[in-house]
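Heads up: the sequence lines are chains P and D, in that order. If you count the first sequence from 1, position 226 lands on 226 in UniProt numbering, and the numbers rise without skipping. If you count the second sequence from 1, position 123 lands on 123 in UniProt numbering, and the numbers rise without skipping.
Quick caveat, the hints were computed from the structure, so don't treat them as lab data. A couple of the hints might just be wrong.
Unchecked claim - Calculated cross-link-like contacts (lysine-lysine; reagent style DSS-like; alpha-carbon spacing at most 27 Å): (1) D:K171 <-> P:K258; (2) P:K74 <-> P:K55; (3) P:K282 <-> P:K249; (4) P:K258 <-> P:K213; (5) D:K369 <-> P:K171; (6) D:K369 <-> P:K172.
Computed from a predicted model, the values in this text were never measured in an experiment.
Number of protein chains: 2
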Amino acid sequence: MKTNKIINRTFEMKSWKGKKEMTESGFHVAVTGATGAVGQQIVQLLAQTNFPIRKLTLLSSERSAGTVITYKGKDIVVEKAAPERYEGVDIAFFSAGGSISQQLAPEAVKRGAIVIDNTSAYRMDETVPLVVPEVNEEALHEHRGIIANPNCSTIQMVAALEPIRQAFGLKKVIVSTYQAVSGAGVQAIEEMKNQTKALLNDQSIQPATLPVKGAEKHYQIAFNVIPQIDVFSENGYTLEEMKMMNETKKIMNMPALKVAATCVRLPVETGHSESVYIEVEKGNVTTKDIHEVLQKAPGVVLQDNPQEQLYPMPADAVGKTDIFVGRIRQDLDENNGFHMWIVSDNLLKGAAWNSVQIAQSLIKLDLVKPKN
Amino acid sequence: MKTNKIINRTFEMKSWKGKKEMTESGFHVAVTGATGAVGQQIVQLLAQTNFPIRKLTLLSSERSAGTVITYKGKDIVVEKAAPERYEGVDIAFFSAGGSISQQLAPEAVKRGAIVIDNTSAYRMDETVPLVVPEVNEEALHEHRGIIANPNCSTIQMVAALEPIRQAFGLKKVIVSTYQAVSGAGVQAIEEMKNQTKALLNDQSIQPATLPVKGAEKHYQIAFNVIPQIDVFSENGYTLEEMKMMNETKKIMNMPALKVAATCVRLPVETGHSESVYIEVEKGNVTTKDIHEVLQKAPGVVLQDNPQEQLYPMPADAVGKTDIFVGRIRQDLDENNGFHMWIVSDNLLKGAAWNSVQIAQSLIKLDLVKPKN
C-alpha cells in the first residue's frame, strides 16, 4: 500500500457558500488522475465544500493505483482507471492527461456520467462547452456529456476580463504570462527545487523535465526564465499560447476578439501571473470605472493601491480560489487602453476549483441528477 | 585593507575589436562607485578591452574606501570620492547612485572631465545626451560635459528595436519585463539567495530589501514575482516603467512613439528578459524580414529557431555583452504587429558595457583627448 501523497493546503473559498452535506442521496463522483497535482486538489475541494457525494471513486494510472487518499476521514484506495469503473458514476472529473481523457471520457459518458475534463483533449471541440462559470455558465446547457475545463492561464484572464467586457466592451488583448512550474506537474516542482539547491551549492545540474517532458532539449529553470510552455506549432507560437488565444475567443464567445499571448515559465512553485494589455470599445473609461466593475465581479479580488504597495503576487495567491487583479493603469497613448496584472493559484481557479465550480453549476442548473 | 570583492566573470565581446594598448599617452579614467555591482564590471571591461588608460582612479563612498581592486595585475586602492579627485581626469564613469552623480558629476566636468553617468540623475535633462551607441551615437556631439547611460531595461530594448525601426518604421511598443535582482544591487542578490535557502529548509523569512530599499513594505522575492520596480509615480506607473517609456522616446528621437511598459522583478540573479509587442509602419513585413534585419544588427544576436527550441534565456546571456532576440512572431490579428523576446545581461549591455562603449565612441568621434 502506497503513501498518501496528498498536499495539505487549506483553501479560502469566498465564492462558494455550499451547505449541502454528504448524504445518501448525493452523487457518485469519480476523479481520474486522483494522485496528480490537480486531482489531489479536486478531492480536497470536494471535501472542503461538502460536495453532495454518495460514493467517491478515485482512479489513476496503473503506476499510482493502490495509493490511499483520505476523504473526510475515510481511506479510499485509488484504482486503475478502466471503462467499467465508470458504471453508475454521475460526475466524472478527468485530470490525467489528454490521451487518458480521449480514451476514457467517452466510456464514462456512454455509462451515463457527465465528464468534466481538465485536459486540452476536447477544449476546441465545437460540440463541447468550454466553461468558466463566472463567464459562460449558460454554455453548460448545450453539453452532450463532456464539459471542458479551460487552460489555467486562460481561466484567470477571462474571469477578470469578462466583467470589463460586459461594462465597456473589449476589442483587443495582449498578454505576457509569468507561469509557475506546478502547471507542468509534480516532477517539474521537484526539478526546480533540486536545481535550486544544487546551484546554491555550486553543483552542476542536469535538466530533464522542463520546458516540455519528452522534448528533445531541457533547460535550467532555477534562477532562469524559459519562454516556452508546451510544444511549438508551425506558426512559431507555442500550443500554450495558441490555447490562450483560441480558448479566450471561445469562452467569451467573441470569435473576432484580437488576442495575442506570450507564455513564459518562471522559478515559482505555484501561482500564475499575467501582464495584460486591453483595449475597450467604449470611450472615456477611467481606471476608477474598471476598479468599480472589478470590485463587484464574482471570484475576483481587487488588490490595487500603489501608494500602499498593494498589488497581487503569486506568494499571496497560493491556496486561494480567487483571482487577484491590480496595477490597473490607463495607457498614456491610447485613451481606451489599459494595463493590468492578474494573479491566481493555477492549481485551484486555474484547474481544480474551476472544475468543482462547473460541477456546482451543473447541480444549480439542474443538469445532473443522482442515478440512485 | 579590505578584500577585493570584484566579481570574476569572463566576457564575450563580439562587438569590440579594440586594439589600443595601455600607453603613456592614454587617458586618465576615474570610476566612481568602483566597488558596486556595475562599477566592478566597468573596471573589468576596461581591462579586458585594453582601454587606453594612462591612470585609473577608483572612487567610492567613505564606507567602501580602502578596498583594493586589481586592474591588469596592479592593486589600486579605492579612495573616497570628492571634488578634488577629478583633477586631471579625462573620462569619469559614475555609478554610485543618483545623489552622488548630482553632487559630483558637475565637479568633474568643472575640472575638464567628460562624465558618463550610469544613474538616472541626468537622463531626462534636455541638455544631456542619452546614448546607446548602436542607436544614437551621433547624439554624443551635443554633449556639454555629461553623457547619460540609459536604464538597463531600456538599453536592450532600443538596441533591438532600432534596426527594425530603420527598416520598417515603428509606431507602437508594449513591453512586459522579467527583471533580475542584480538590477537592485548586491544586497538584493544576497536577499534572494538567503530567502531561497530559508524557504527550501522550511524556515521563515524577513524581507528587507526588495522591491525598493527604504520603501515601507518589503516582499518575498524567492519563488515569487513582484510587479514593482522603483517607487510609484502619481499616475500609477512605477518610475522604472516611466523611465522605459520616456527614455525610449528620447534615445530613438521619437517623441510621438507610443510606448507602454509593465516592469516586474523575478527570482533571477542576472539577465533581464522582455516580452515586446511592436507595430511597424510598413505593410507586408514578415518574420523573415525581421530576422534578416536583426542578423545584421550591431550588438544583437538572433536566437530564433522554435523547431530546435532555440530562444534567449537569462542563464545563457549572463557574462555576454550582446543582446539576444528570439520568439519573433507575427501577430495573428494585426498584420503589422510582431511579438519578440529580448534578453541581455543587465550589468553589461544594460550598464557597464554600454558605458564603456560610450567612452569608445567618444574616442572614435574624437570628442575626448588625453590632457597630457
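- Which of the listed hints are not met by the structure? Numbers 4, 5 and 6 - these are the hints that the structure violates, sorted from lowest upward.
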